[in-house]
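Enquirer: Sequence:
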Amino acid sequence: MWREMKRSDALLAYLLEQEGLRLEEADSIAYGESQPSRRLEGVLALAPFEWKRGVLLLLLTYRYQSLGRVKRILGYSRTYTQRLNKNFLRNLLLKWADKFFLQRNHCILCDEWVELPKGDEHFEKYQHLLLVHFRNLLSTPQKKIVHLIYFHEMNKIKTPS
431 MWREMKRSDA
441 LLAYLLEQEG
451 LRLEEADSIA
461 YGESQPSRRL
471 EGVLALAPFE
481 WKRGVLLLLL
491 TYRYQSLGRV
501 KRILGYSRTY
511 TQRLNKNFLR
521 NLLLKWADKF
531 FLQRNHCILC
541 DEWVELPKGD
551 EHFEKYQHLL
561 LVHFRNLLST
571 PQKKIVHLIY
581 FHEMNKIKTP
591 S
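Okay, so the sequence shown: first residue is 431 according to our numbering, each after it adds one.
FYI, nobody ran anything at the bench for these hints, they're computed from the structure.
Hints are supplied without guarantee of correctness; some may be wrong.
To be verified - Below, simulated SDA-like cross-link-like pairs (lysine to any residue); rule was C-alpha separation at most 20 Å, straight line:
hint : residue 1 : residue 2
1    : K525      : L539
2    : K525      : N535
3    : K482      : Y461
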């Protein structure tokens, strides 16, 4: 079943199954076709401490591109902002950025090798994930995001191999 899925979707399906929920059930909850399940209540509380739950929360954010849908899957109301907000998710992404890469530089979201600039490898992975895959977590205007992406790409080119 997981062989025909993208790596990120396969990981999401696996992590959801660990919590007792199938990917199809999460999809139907996210789009309002069925009622939220209470199975994922502990994910938000344990996400900063357990990598599986932190990555699960981030993959849900990546797949649905909407905090409202993620809140619905977790069983929270749309107006719940106490902990589940962009700042919390950015900090979570910074903490678990390495979990999105296989064999150092193979991004599971791109499903390809990524050339990262020399420097702090963990921060470069975080920066790649934030600027390429998790743009919805940025709170800067779209024009500035384009500038940041251009700067990120230019750093990759200038870096000697």
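Enquirer: Next, verify each hint and record whether it holds.
Expert: Here's how the hints hold up against the structure:
Proposed proximity of K525 and L539 is supported: the alpha carbons are some 17 Å apart, at most 20 Å. With a C-alpha separation of about 17 Å, the suggested pair K525 and N535 falls inside the 20 Å cut-off, and the hint holds. For the proposed pair K482 and Y461, the alpha carbon gap of about 24 Å is over 20 Å, so the pair is violated.
Hint 3 from the earlier list is the only one contradicted by this structure; the remaining hints agree with it.
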